[in-house]
Amino acid sequence: MTSLSSRDTALVDAAEPRVGFTVDGKPHTLRVPPTARLSEVLREGLGIEGVKVGCDAGDCGACTVILDGEAVCACLVPAARCDGVEIVTVEGLAEAGRPGRLQEAFWRRGAAQCGICTPGMLTSAEALLRRTASPTRADVEEALAGVLCRCTGYAKIVDAVLDCAADATTAPAVGAEVGAAVGARIDRLDGRAKVMGTDAFGADAWPEGTLLVRVVRSPHHHAAFALGDLDAWRRANPGVVAVLTASDIPGRNIHGVIPPLADQPVFAERVARFRGEAVAAIVGERAAIRALDLATFPVTWSALAAVLTPDDARRPDAPLVHETRAGNVLVRGLVRRGDAEAALSDADVVVEGAYTTGFVEHAYIEPEAGFARRVGDRIEVFACTQAPHMDRDDLAAIMALPPDAVRIIPSAVGGGFGSKLDLSLQPFVALAAWVTGRPAGVVYTRPESMASTTKRHPSAITVRIGAKADGTLHAMRFEGTFNTGAYASWGPTVANRVPVHASGPYLVPHYEARTAAIHTHTVPAGAFRGFGVPQAAVAQETLLDELADALGFDRLDFRIRNALTNGAPTVTGQVFAQGVGIRACFEALVPHWRERRAAARAFNATAGGPLRRGVGVAGMWYGCGNTSMSNPSTIRAGLGPDGRLVLHQGAVDIGQGSNTVVAQIFADALGFPVGQVALVGADTDLTPDAGKTSASRQTFVTGAAALRSGAALRETLLLRLNAGPDARLSLDGTMLRADDGRRDSASLDLAGLEPDAHGFVFAAEETFDPPTSPLDANGQGEPYAAFGFGAHLAEVEVDVELGRVRVLALICAHDVGRAVNPTLIEGQIEGGSAQGLGLALMEEYIPGRTENLHDYLIPTVGDMPRVTSILVEEADAHGPFGAKGIGEQVLIPTAPAILNAIRDATGVLIRDLPATPGKVHAALAAARAAGARP
Amino acid sequence: MQPFAYRKIHDVAAAIAQGAGEPNTVFLAGGTDLVQLLQDGIARPAGIVDISDLPFSSIATTIDGMRIGALAKLADVADHPQVRAHYPALATALGETASPMVRNMATTGGNLLQRTRCLYFRDGVSSCNKREPGSGCGALRGEDARAALFGASEACVATHASDLAVALLALDAEVLVAGPAGERSIPVERLHTLPGDTPWIDSDLEPGELISAIFVPRGAAGWAQAYAKLRHRASFEWPLVSAAVSLAVVDGMIEDARVALGGVAHKPWRAEDVETLLIGRELDPVLAREAGEAATEGARPLAGNAAKIPLLARVVSRALADAGGLP
Ligand SMILES: Cc1cc2nc3c(=O)[nH]c(=O)nc-3n(C[C@H](O)[C@H](O)[C@H](O)COP(=O)(O)OP(=O)(O)OC[C@H]3O[C@@H](n4cnc5c(N)ncnc54)[C@H](O)[C@@H]3O)c2cc1C
Ligand code: SF4
Ligand code: FES
Ligand code: FES
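Residue numbers (my numbering), protein chains in the order written: chain A, 9 to 942; chain B, 835 to 1161.
Hints are not guaranteed to be accurate.
Unchecked claim - Residues of chain B placed beyond 12 angstroms of chain A at every Cβ, according to the derived structure:
no.: 1; residue: PRO934
no.: 2; residue: GLY1126
no.: 3; residue: ALA1141
Stated by the list, open to error - To spell it out: a stretch of chain A is covered by chain B in this simulated footprint if at least three of its residues, at any positions, have a beta carbon under 8 angstroms from a beta carbon of chain B; those stretches are:
no.: 4; segment: 375–385
no.: 5; segment: 458–467
What the hints assert, rightly or not - Derived list of chain A stretches under chain B, where covered just means 3 residues or more per stretch with a C-beta under 8 angstroms from a C-beta of chain B:
no.: 6; segment: 41–51
no.: 7; segment: 335–342
no.: 8; segment: 867–878
no.: 9; segment: 896–910
Calculated directly from the structure, the hints in this document are not laboratory data.
C-beta: ideal position from N, C-alpha, C; glycine also.
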């Protein structure tokens, strides 16, 4: 019998209820504290880690299990009352150790991206299917309404469930011919563990006896603090093993993703600069740590004057967030071409507008989690991350260790979207394990994750755009202020990326864009899909509609006329001879635009009630990789003497699919079936640096490195076998064969060969760094080797009385260069546009107030319309097989397309996001007061 | 978390005795709100009495109406054929409550007695008279869009979050209560209290009193009803504002009316002036609009919640339009 009783000493009832229940068909009897959550008991008491926890509040549904036939949130069920019940978890859906039908369908459809919501989705769907063998789409959407997914946009999940209706059939697996993996809809190579619920995320697979860490954080926006007698406090709290503060850090108490500007302490010293900043960490036995009352922790605070907005931060008397940064300015960005001011005065029509957006939370369903252990004089950290090598280097400096004494083993990542590029929990667990000599782990609570990790930058943007009467864009001025929060994080990247992109994918001869990243006493703003470009696109793309209207042009036609083409200079003066696919994206939307607009007009003409429909379009472009900076990826691959073909794939797959895409590219370059490739994932001890998973760079950069590795390995093998370049390579056990059809095939037994240090008898290691050039003082130069392009069409229905907006359809055309795996790309488009919809309509993080997933709202399945993906393939010369990036950029055009559609429906443009019912209603009322329709 | 004693009790009298006898004891039903409050340290009871096995879960039609057990699950009530047929406002309100999983766990009694969603109450640290009597009210000068428009006090401006309670108020329902002094019934209208200077009190129940059932009178079954709720996303969210209406319409004329508002006060708010305005008139879009405006009469907004006023007007008009089959 297992007992959890020692785990939570707060619960003192003498007779802890003994409960007996079955889980996935197996009976269990155990004593549980009376209000221990069922989720906790299943995970910690019974080791069923397929049950995930995303919020502990009933908000996310990740913990859903089937209890006596009904789907319930295990985090809200007191385990004590489960006597006699029958529970089914994701692990019970497997059939004889293989994925069950529903799991198979999820895998096939690409319904699991990061996989953290998958167990909850599967159990909710299973409960439905047990009740209703042939559910309708509406039934499925209703059944899944309580499970949040931040990656997929839900479409593939709903489709997968419908595949399992009694009368439906699951599509067979797509096999890829040798040399034809690129372009095939093959199943995710890492999909099995995700649908089986066996993938190990940061909170899973901790060693026995792992100590728990709890972080003490500032409750104030800005405060001085003094720590009291920590030793006495520790002694007074049995089970607490150590209390860590800044003085315990062996190396430097600073980290940051952009080394020259690194400024964020692991633990604040004397002054805390944002609400949620860490000041200490408590390490101890799990039960003791959970039972702690942090109100007794010896720290005294004195609140200081805080600046929370850039406006306040720029007042002459404003307190400085960092002494060395005058005016609270972190960095400024500039791109200037031609003479924008003069050109605006000779434009025939000029439109302008001021826009604001708030903090946006990444809201991945997996809060930060992981553990560390000390192995002799080395430290190993198993945690969710998007950038293992950056973590290693920063952590080494913090721990005063050489980088090779730090090993980062990325866990499965339950969503990242940019925020898991920065260090979060790694220093706390590393330090705790180092000091105590025992493994130490932490799982952030949802409010803690939201309060302390990076956000999308709030922005205040003003734009003026001018055009000539003939419909050509002439000039644009852009001014953007970004609230970068208390620490630098990716603020400089936002400030530099935005001016390069703020023109949108158009030919703008006269251009000036200035940005500033301003410090405030708020949570640091960092990387979030698009690095500031989505905010800029909202302003620029909605103004294009006003401009087209003022000139009397069709809005889509106006964009097509002005779209960049091969050979035309961008606003940084870069000229691409090839690969500019924006026009093709817009043109792909033309028939839909005509059809939907006509339908919306017809609907409005006959609508008696409060509903009005409208259609909007918006375009985007996005540079793949770092802006004018080296950002190489290295891929190693080799053959072992046992005939195993191994690909060291160091690009962390946060759900976007790099494990699969990079392997597809490699397999085709080498000429082997992709099914034969064994992946070794990102692990700083084993796998060369494939850079960070951000900036839509993994397919483009790491994929190109994989292409080179595959080709290099092929060349080596052909040379050794003395075969021609077209020979077909194959492996049969340890026998390597080459067959070029002309003479007898050559073969070689790998078993007899001497392996190298990595265990390979043949190997290749290749690096790709996309060619860029630095930008000059006016921001002129070649910031990226390639851009991805895209355009979205949104159809909305606005309730003009309640101000409520429903998106009816999204049609998304993206130039991806080459669709390496169409299923995965659609998944990125559907998931990215869901985030864009959230940005447009409902998401705003307010420090101290919306720190959970019911006050901070992200779209549910019912909020998402059908998303149609149109893949345009304008091959890029640098990209592997022509491929470009897609991951980040997909959400850029969604929000402006939706805002344009609202304006099309109602005549009002919302310039302050999100467009909540209150704001839409107020704008409509103001328009009515001014005598406008409707 | 505070230490506390936990007992599961199978007998109504014993539950009442426990609840009344030991100070600071709470009942645990579905647990969807209470478990949260316990884990966050907002509820710090000395003892917990688990009532989930008491015989309060049946849903039955009686000669004079419907009796819905206090332990009936929201999902079961929402799906009940009689509820759907006769009390559409109730079915809609429950269908739009929380998520399917929560509805499978949550009970009707617990829903009525769920505590406010006020952010300052829930964060466990801000000053809040409801949580820490005398500590002040963080929401009063804060910017919580959920704050009350009606019936608030200097001490507390919180709102009651239940959808169910609003629908029940419009249906003239009662709660049946069993307690140390025997049984009694309380109209839903009087179940919840206004904050006044005792904001830590949410309801009229005495220590040890249990809700055993909700009674919805038969009369309401023949009335035209609707529930309209406004929120920021499609599912899984408490109301920003909501309205339930129930109209006795004879030959096109409104003979009697009940209008209840949600998300605007410390209790489901009955809009009697609107009822008076409706009675004796024929429902058309103009009247629906007029009634919506009238519902906002007397609203006292704070810094962050004024945007709710026009939305409230529209939600009321919408509920009326839905009830009357207007476009
Ligand atoms: C994610 C989420 C979303 C939600 N969204 C909504 C929503 O949109 N609309 C809405 O209305 N609600 C919503 N809720 C609230 C939910 O409906 C309530 O938490 C639930 O109904 C409470 O019922 P319970 O049985 O779980 O009560 P418990 O949590 O067990 O108890 C709640 C309170 O009621 C008392 N109590 C319970 N039963 C009795 C009884 N019979 N007699 C006396 N006292 C009793 C308890 O002592 C406790 O104080 C949501 C909840 C969650 C978690
Ligand atoms: S409104 Fe009421 S619940 Fe909210 S902070 Fe004030 S006293 Fe507390
Ligand atoms: S963990 Fe249970 S609902 Fe989020
Ligand atoms: S796949 Fe759903 S949250 Fe990542």
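Hint check results:
A beta-carbon of chain A comes within 12 angstroms of the beta-carbon of B:PRO934; the shortest separation is about 5 angstroms. The beta carbon of B:GLY1126 is not kept farther than 12 angstroms from every beta carbon of chain A, the shortest such distance being approximately 9 angstroms. Against chain A, the non-interface label of B:ALA1141 is violated: not every CB pair exceeds 12 angstroms, the least being about 4 angstroms. Counting residues of the segment 375–385 of chain A whose CB lies closer than 8 angstroms to any CB of chain B gives 0, which falls below the minimum of 3, so the coverage claim is violated.
As drawn, the segment 458–467 of chain A meets chain B at 0 residues by the rule of a beta-carbon pair under 8 angstroms; below three, the given contact is violated. Coverage of a stretch by a chain is defined here by at least three residues with a beta carbon nearer than 8 angstroms to that chain's beta carbons; for the segment 41–51 of chain A and chain B the count is 3, and the condition holds. With 0 residues carrying a beta carbon less than 8 angstroms from a beta carbon of chain B, the segment 335–342 of chain A misses the three-residue requirement, and the given coverage is violated. With 5 residues having a Cβ less than 8 angstroms from any Cβ of chain B, the segment 867–878 of chain A passes the three-residue criterion, so the hint holds.
As drawn, the segment 896–910 of chain A meets chain B at 0 residues by the rule of a beta-carbon pair under 8 angstroms; below three, the given contact is violated.
In summary, the numbered hints that this structure violates are 1, 2, 3, 4, 5, 7 and 9.
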